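Participant: Spelled out, the chains give:
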Amino acid sequence: MAASIVWITLLGILSRVIILGSHFSNVLSDRVELSTPLTSWKRMTEGMFLIKNGISPYLGDNFHEPPLLLYFFTIMDNTTPALIPLVFLFLDLTTAFLLYRVAKYLLRYLLSEQIKEGPSYAKDVDVLLLKRSSLSSIPTLVLSIYLLNPFSILTCSAQSTIIITNVLVTATFLLTLKGQWWSATLSLALASYQSLYPVMLIVPCAMHVANLKMQENKESISYSSPTAVTIMLKIALSFLLWSVILITLSFLMLESWDFLQSTYGFILSVPDLKPNLGLFWYYFMEMFEHFRIFFLWVFQMNAFIYTIPLTIILWKCPSFVFFCQLVLIAIFKSYPSLGDITVYLALLPVWSHTFHYLRNGLVVSVMIVISTVLAPVLWHLWIYAGSANANFFFAFTLIYNTAQVYRHCRAVESL
Amino acid sequence: MDAVLKTIMFLSALNCFAISKDDRFVEELLIKPLPNGYVHASFHFSIFWNATISSSTEHHYNLFPKAVGQIIDNYDVRELHLSLTQGLWRHDKWGYPVRSAPPGAELWAWFERSASNSVDESWAKLVNSLSGLFCASLNFIDSTNTIQPSLSFRPSGVVNDLDATSIEYVRYATLPRENVCTENLTPWKKLLPCDSKAGLSTLFNAIRLYNAHYHALTIDLQPVCQSFPECTSTALHLTQSMSVVFRPTLSSGQRQWTLYSLFGNRLKSACPLASESFIHIDISNESVSDDYTLTPSPSVVTSTGGRKVASYNVADLTAGQNSLNIHFNWDEDMTYGKTKPPVLHAHRFMAGYGQEKGGITCMIYNNHPSQALDVVYMESLPWYVRLYLHTLKIQTEDGSDIKPDVIKYTPGKDRKRPYMLELMIGLPPASVITINIQFERAFLKWTEYPPDANIGFYLGSAVISAVLPSSANASVGDYKTVSLLSSLNAKSPTSGYFTRIYTEPLLLQLPLPDFSMPYNVICLVCTVFAIAFGSIHNLTTRRLDYEKEAKPGLLSKLKSFLGIGKKKSTDSKVESGEKKGEKAEDKKSDDGISKEDGISKEGASGDAGRTEEDRENKKND
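One line per chain: the protein sequences are H and B, in this order. 3 is the number of the first residue of the first sequence in my numbering; add one for each residue after it. 250 is the number of the first residue of the second sequence in my numbering; add one for each residue after it.
Looking at chain B on its own, in the form it has when it is part of the complex:
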């Protein structure tokens, strides 16, 4: 018995040891002073796990969050990218973020080929699970806002099989109206190995974070190579990142900041489970004139490829009872000025007036003086924005047309599928191109409008994907390496720096019906139908009978089937008909027939009046 127990304990200890060697956790914070007094703070928590999750094997979760692991396991997810964002990243003022994200919620995933579940089923289950996991309204993602982009969202991790990159396996959806708040932050930070008990996550202070100009929570999961470059087996790489843009000048009037002034907390420890815990401060822009001071002085300053980064090793600096509060001071006061925009940025807006038609215009700026850029532009619009592809116009500043190299278009289907448009366009050097497409606003049923229909409908951001020639002004990350710093400085001259730009979301006003009218409309329309149906029913089913003598000409055509068999009784009716006909004449005088017509009028319109009397006669007979 004892021996068995010992063996089990020994085995499990071995197992634990093996796993702890297999996974690695790195926490990093990149702070980058932006022009005009903004400060961008970007937290990165990466878990690298030498394992592949599949339903056939059991797993012991150590650092990797089990909740995420189960989702991958159950729904055959290969790659998962989720972002929840409040605010808009301003590329023209701030450059590029480490992980770009559109306002609202964005989710895209690549699925494994699976025998048991169809991709659509897995996607539906995935969005509902994530909705529960992150307390977000992701459950509003359904077929009406899901698209399968073929160019813009290629797998970002390794793929061992080319077939698996078919668009059959990708799903993309955005919810531009999604609000992000603490109820999303709490479940998000619970996925971290140290939660917010230790490490960089102790800086999370909801009041400060949600007061910021921009706030994005993201989670990215992709398979990566366990080792480069041979890549014999894959590992899982999970990155949770949070980006915040502060503006210290607003609160204090001072340009300088400290960790405390930004987050309201001092850093007391590094996460003990993390193999690396760093704070990096990007001082590339500051290095031109050395008029700033950083206290305490950084552990190490690296400078590669035009980027200068001061790094603090949190574990060392918080050893003992020390707490870390980095001060960034400038000697001179803030001078506001126009900032130099990055190589590629875009601006999108709504064109047209009225609530019948409209247009979407996107201006894409290529500021590179000599190099043309190939970009992929993607629009995903709900079905009630009826796009007319033939109105698509791409023009340069001087009005000459540009023909896109590739057009991928999926027309929308009412209440079923959104419109998707992907364009591959070559941007000439130092140019602004304008993409314009016209649409028509659909009319919805009154139950399809949200309760606050007058606000309008949000249309998700357009996505511009490009490979930038240099990383200047950028903080573009490469997910393939674990450490943020090495990913920022990773240089791959052949492929360049891949980045995505999300444009502004748009607010669309749709024409509204009167929501208080359903009963009135039903009654009024039914009345018109009733008038038509009633009159025709009356005219065609009435038993018409007449006296042969008084019958006027073509009116004989009104002779009904039933009237034909009545010839026998005509004689008896003539007498009564004449008498009653006089009565009928008086009755019918309001029919708008001129009196002069005398007998023939009597014959024409008296028919109707007589019918019932004839019926009575018949009864009496």
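Looking at chain H on its own, in the form it has when it is part of the complex:
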């Protein structure tokens, strides 16, 4: 077991190092599928250059990362620029091992739940039950899916800063499962500070911690019990506290609030229509101007609104709500990239025991593979060869998202 983990890790590191070390890394960092205006390494370089030359990068519209990240990389660049690719490699490996631990904790938790509720299950549900053997095999599978997934290898090699959101979100998940809410909210606050959408993960996070607390106290699960309410309030407040601290720190560093408009304003109002794998760019490119604000609200509310029905219906397993939220963020965020789906793809095997009735599995997988292979081809035909137009690329982003939507709905349905 341990040997296979070592081999997989080595293979993962090797593939990343080879690409990071070659000039191919620059080519990748310009790819629309991997880098969005929010996460592109080129824009980070521009931000670092501007701040070194005494120009605020938030004056213009080329830089949208939060200030603390900018300062972190500026310091890195000033002292040890050669280490920057290694930082990305390290963060990506951390994500992989956090995912491994997440899978372990999660399966242990699910198994204990299953044992507890076992007597109430019907006789012929064996196919849907979690096996004890998967406790050791699935975490390795999760690790290897993340490390050997071409999407995560490419994202890491492109030095897309979505890597940082991924590591923070995974850390939040792990800390939530462990019930360490104080540090879980910190890492969630950091993730939201960078890319805003993870803010909705506070709900499953609080629910799960409350769940654990109630189990500890041997209470029956009810979110209106005083224990649950206090712990959930504590989590909300600590999240707020961390966020306020982060924003205030950023303000103190820059002495201006410009960064709010240029990071969160940018994420929410979608002014940059550079194509990506999401649904926003072509829609708002082709939108009639007087409906723009309306649809902007609809689309952004759509990204957040699923939290409510999912938490209501899946109130017994907030960890699955957490997972669902990751999928929905990857589909409905304003600037998605391939880096967004790597985390939830890796976590998919954790619930594999419930996928016995998963429908359309082949169709969905083929749709994702086809769209990710053909999207770059049609991008080339549109932008470089001039023999296709925007619709071709758009069609494949549609397929990609439809496939994700289908897979997600089937996963929810089968649970």
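No wet-lab data here; the hints were simulated from the structure. Note that the structure is predicted; figures quoted are calculated from it, not measured. Hints should not be assumed to be uniformly reliable.
Said to hold, decoys possible - For lysine-lysine, the following DSBU-like pairs were computed, each having C-alpha atoms within a straight-line distance of at most 35 Å:
1) H:K276 with H:K54
2) B:K557 with H:K276
3) B:K662 with H:K276
4) H:K54 with B:K652
5) H:K276 with B:K606
As the list claims (entries may be wrong) - Which residues of chain H face chain B? A few of them, derived with a C-beta cut under 10 Å, are:
6) K44
7) E48
8) N55
9) M289
10) E291
11) R294
12) L298
13) V300
14) N304
15) W384
16) T404
17) V414
Yeah, the Cβ is synthetic: ideal placement off N, Cα and C, and Gly gets one too.
Assemble the complex: chain H is given as a structure, and chain B must be docked to it using the hints.
Facilitator: Same frame as chain H, but now just chain B:
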């Protein structure tokens, strides 16, 4: 009554007399034969007025155009420079023009500090007034193409207060795509004291002017000193100039030209309001071999600082019924050859391929064998050209990097502000330096593209400002003196000759969406949203009910809130549920679930089928 009238008349007569003494009008035409058969004709109409315009005082306009005066008055303009140009001035072949101008329209102005209007408001009003005055599309100048350069466009007139030179008060904008034609010429020449009824402006013949290789209409207004060097009070100096480059060899095959062959008109008079009316012919290049003849012979030939100019006094030569038609003849036929480029010239072009990224490269040539030149390079690019300053590279021919002495950079803001980059660079003697900067093309909304989106977008010229060590090969004017000739020959060894070079404008292709697609895109994207929203809505709000016995394992987690309270009625439903469940099984067989799963499948997917039937049962109960 009579006495009062007389007094008024007397006073107004006095007033008129005073004003006519205060303003002066000079008209001049400089013709310069250029290498390879080109001829450059540059008209200059200068009005010098010992007055300052401010809203507090009333003015009687005599020679100075009232339309311009009112604009200055209303919008607190201190300096105004406008050019409307068709064609590109080729510095490497033609040397320098008297007043350089970029292709398209260029407008820059310095404003006075004003309590009532902000500079931005005044600028917006100014461009709209000028747009109306010159029938040009200057109204397309707005915040998306206006910049505030800090090095390239300093005040050219006198300034009494250093604070007033802060970049807060300057605005600069270009419209590289602006076309110039007779509808601009007509209002422009109406500002002249003699219109085109008399004087040099009678040579304006639209057919000839707009057939030329290069055509520029400019108007420059700046405050100057009433007297040098004490400069106790300021005066207004308005210069209207028109530059045209002809190529007589194209039409006649002959190198020689006459006023008639160039303009299609003979000169019949000088403008009676002009205090001076001259035609100058620059023969500096011709003087090496005296193989040319000028008829009639010039009134005076001056030769200062390497420049030899033959001048004709139009008023004298057109006295009586005479008309003036200057002939310039060469004894030998034209020989074409490579021309020696001037000290400083530049060439700019687009780099890269595809419609995603790109680069702008500008090569600046310093041909001076021994002297280094300090130049200021300015780029002003629209917001959809996302400049990456960190990619800026300045290199000499041998590949060594040059660090600019000063970088002034204003990043652009989407749909609000253009990018502005100013660099002060030292050019080594006899060198070519290459400035390269990378950009990314933005994607616009479909309504932001012009109707002919496939042509592309014009990017304005880069501006190179420099102080040249000598006036050789140049016809650089100094606005501070009224007469063109004296300004050409003005020698100020300490400061040198200030000149601006405008490079080629660029044509940028932006990636295009499909303009016929809005409804399709809206429908398709909304469909994907609907699939997601519909499915999740369906899965989460459906009332799920089930029989305890057939319920499979973890599926209990799907138990909805509403399902919890229904335990009471479960017994009654079991019977009906079983019967209807069979029906549901048949119905659901297209769900892609293998049949072997039997009862548990029934339990899993039959839930959905049953819900409605349960509802019916409930109703019946």
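Participant: Does each hint fit the structure? Answer for all of them.
Facilitator: Hints and how they fare:
1. H:K276 with H:K54: holds, 27 Å
2. B:K557 with H:K276: violated, 58 Å
3. B:K662 with H:K276: It holds: about 15 Å lies between the C-alpha atoms, which stays within 35 Å.
4. H:K54 with B:K652: This hinted pair holds, its Cα atoms lying about 15 Å apart.
5. H:K276 with B:K606: holds, 12 Å
6. K44: With a closest approach of 7 Å, the H:K44 hint holds.
7. E48: holds, 5 Å
8. N55: Interface hint status for H:N55: holds (7 Å vs cutoff 10 Å).
9. M289: holds, 7 Å
10. E291: holds, 6 Å
11. R294: The hint holds - H:R294 has a Cβ within 10 Å of chain B, the shortest such distance being about 8 Å.
12. L298: violated, 13 Å
13. V300: holds, 8 Å
14. N304: holds, 6 Å
15. W384: holds, 7 Å
16. T404: Because about 5 Å separates H:T404 from the closest Cβ in chain B, which is inside the 10 Å limit, the hint holds.
17. V414: Check passed: Cβ of H:V414 comes within 5 Å of chain B, closer than 10 Å.
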